[in-house]
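> Take the given structure of chain A and dock chain B to it, following the hints.
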Amino acid sequence: MNLRLNFFLFILIFLSSSCIKWELKEHWGIGAWSEDDKAIAITKLSYEMENKGFGAETRNHLFQVNTALVSNINKTKARGP
Amino acid sequence: MKGQVQKLFYMRDRDYVITKTLQKNEASEKHVYYQFLGNGKVRTLGTVPVKRAPINCEGESWIDEINEVAAFIPSPDGSYIASVRLNLTCEGVKAHVKFLNPDDGSILSKETIPLPLNMVGAWQDGNKKFFNTQNKFAWNESGEFMLGFEELKNNVVTNRVVGWLMGPEKDSTELENLDYSCFAPSTTSSYYSSNGKFINSSTENDNLSIVSQSGKVDIFGCH
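In order, the protein sequence lines correspond to chains A and B.
61 is the number that our numbering gives to position 61 of the first sequence; each next residue is one higher, with no gaps.
164 is the number that our numbering gives to position 164 of the second sequence; each next residue is one higher, with no gaps.
Worth flagging that the hints you see were computed from the coordinates, not collected in a lab.
Be aware that one or more of the hints could be misleading.
Unchecked claim - A short list of chain A residues far from chain B (calculated; beta carbon distances all over 12 angstroms): (1) N6; (2) C19; (3) I20; (4) W22; (5) E23; (6) K52; (7) F54; (8) G55.
Stated by the list, open to error - Only some residues are given here: those of chain B computed to face chain A with a beta carbon under 10 angstroms: (9) Q6; (10) D13; (11) S193; (12) N195; (13) K197; (14) I199.
Where is the CB? At the ideal position from N, CA and C, for every residue including glycine.
Bound-form chain A, shown alone (with noise of 0.2 angstroms):
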């Protein structure tokens, strides 16, 4: 009885396991004006997030910072690695 309950339980889990896939995010994050107000910093996130509806977790996070002036927002630079 107990042998077969575990190889419920066994096929349960890979199944669940199995069907979980991880979809690769990318998008901008917080950003901040400089002291001055002539320019921002912005991040560019990376991530994997459960790809389910609800209570999705998200794993292996990476930022990068990007500046840019205010008066050509979208030119941004990255800065560092």
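Chain B in isolation, oriented as in the chain A frame:
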């Protein structure tokens, strides 16, 4: 770089960016503070574990429940970085304050201040004693650093901020009773521009734009 950025300062004139980053794995969680320099190098300003180990004092287990035990905040013109680290010891909570040179990271001055009881919340559960503080750290418009804490009486806030006015080349003095607006944002670089605009990113085309915020926003200084 690894981690999730929770706070960001950009000092354009001195050409650096400071980030507060949460790094977590299965074994640990820590906050790492980085300074991104203009030459592409990255300086680690400090690393603090999110959960600190209890210490044994007076036959009890003392537990540090301080929400924000560290802060690295650039001065309004970026010429200094204030570094604060709060430590629970058997003598109580101590604030280690340093002023750093943003160019080379060197320490210009440092001071350790034991916090009096009206700045520290403490409560007991059996053999365990828990401690926390409610920090109000910011620079003011005169270029002085305000090491402020919510005043507590029997663990209840009095709606007064108490603490010290500090600077790299001056003796610390007692903080006057200041409005809460003086502490948020903590310096000239913040999420909002001085005229209340913020940065928006489009999820459709990834473009950045500048948006005006309706209503009152927090801008640097006392209002």
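> Does each hint fit the structure? Answer for all of them.
Against the structure, the hints come out as follows:
1. Non-interface status of A/N6 relative to chain B is upheld: no Cβ of that chain comes within 12 angstroms, the nearest being about 25 angstroms off.
2. Annotated as non-interface, A/C19 keeps its C-beta farther than 12 angstroms from every C-beta of chain B; the closest such distance is 22 angstroms.
3. Non-interface status of A/I20 relative to chain B is upheld: no Cβ of that chain comes within 12 angstroms, the nearest being about 17 angstroms off.
4. Chain B leaves A/W22 outside its interface by the beta-carbon criterion, the shortest separation being 16 angstroms against a cut-off of 12 angstroms.
5. Once the 12 angstroms rule is applied to beta carbons, A/E23 is consistent with being away from chain B; the minimum gap is 15 angstroms.
6. Every CB of chain B lies more than 12 angstroms from the CB of A/K52, the least distance being 20 angstroms, so the non-interface label holds.
7. Residue placement check: A/F54 keeps its beta carbon more than 12 angstroms from all beta carbons of chain B (closest about 19 angstroms).
8. Under the 12 angstroms C-beta cut-off, the non-interface status given to A/G55 relative to chain B holds; the minimum distance is some 17 angstroms.
9. Here the hint on B/Q6 is kept, as its CB sits about 8 angstroms from the closest CB of chain A, short of 10 angstroms.
10. Taking 10 angstroms as the C-beta cut-off, the interface hint given for B/D13 holds, the closest approach to chain A being about 7 angstroms.
11. Hint status for B/S193: holds, given a least beta-carbon distance of 4 angstroms to chain A, under 10 angstroms.
12. Nearest Cβ of chain A to the Cβ of B/N195: about 8 angstroms, under the 10 angstroms cut. The hint holds.
13. A least Cβ separation of about 8 angstroms between B/K197 and chain A falls short of the 10 angstroms threshold, and the interface hint therefore holds.
14. A least Cβ separation of about 4 angstroms between B/I199 and chain A falls short of the 10 angstroms threshold, and the interface hint therefore holds.
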